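Chemist: Listed here are the chains, written in short residue letters.
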Amino acid sequence: GQSLEQPSEVTAVEGAIVQINCTYQTSGFYGLSWYQQHDGGAPTFLSYNALDGLEETGRFSSFLSRSDSYGYLLLQELQMKDSASYFCAVRPDGDAGKSTFGDGTTLTVKP
Amino acid sequence: DTEVTQTPKHLVMGMTNKKSLKCEQHMGHRAMYWYKQKAKKPPELMFVYSYEKLSINESVPSRFSPECPNSSLLNLHLHALQPEDSALYLCASSQDRGSITGYTFGSGTRLTVV
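Chains as they are written, first to last, in my numbering: chain E, 1 to 111; chain H, 1 to 114.
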């Protein structure tokens, strides 16, 4: 099976940088994804890492270290609209359709 | 079209009712998923269809019955549900099960069982 750990809540101010960590345990590993979900909305795909290193997409970056079973999502130049829940999700090797989501991190951005 | 459309958006049903949730995508995606999400919890995988065939059933009770009539449509038939089945039901799709571009989720059906 798989298990993921991420902080339950993070608070930051507008314009700041915030990092949301995710550690995982899985019997096989294919990749780590990140999703954003606003209250009452659908999860939206943000990024995917299969190899070690940093992937950058605009203000958001995602990092993976396979040897440490660890990844993070970095959000820069925070805006109020970034207040949402952020989920990491792991895809197990050999069963790519079976992504498991972490419990989510609620990010609150304050003025 | 880059959307997954789910209907209805809200559904209230009694424990003896039969209802169906519908999901549609026209992105040419060949993998489609049903997830269940309770408040303040992550989405939980229920079913995966790959090329219109059921490939994963996460030990979901038989009162939930999925159906994939064609590559664009996914249904979830509901029968004799329990109040604890009340949740947001999310449909998602991806290019295929191995896609690295992530899932596209629909806005969900908020189901209340009374």
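FYI, nobody ran anything at the bench for these hints, they're computed from the structure.
Treat the numbers as computed from the prediction; the structure is a model and nothing was measured.
There's no promise every hint is true.
With a Cα cut of at most 25 Å, we get these calculated DSS-like pairs of lysine-lysine [unchecked claim]:
id, chain 1, residue 1, chain 2, residue 2
1, E, Lys81, H, Lys53
2, E, Lys98, H, Lys53
3, H, Lys36, E, Lys98
4, E, Lys98, H, Lys41
5, H, Lys53, H, Lys36
Chemist: Hints broken by the structure, by number, lowest first?
Modeler: Result: hint 1 breaks, nothing else.
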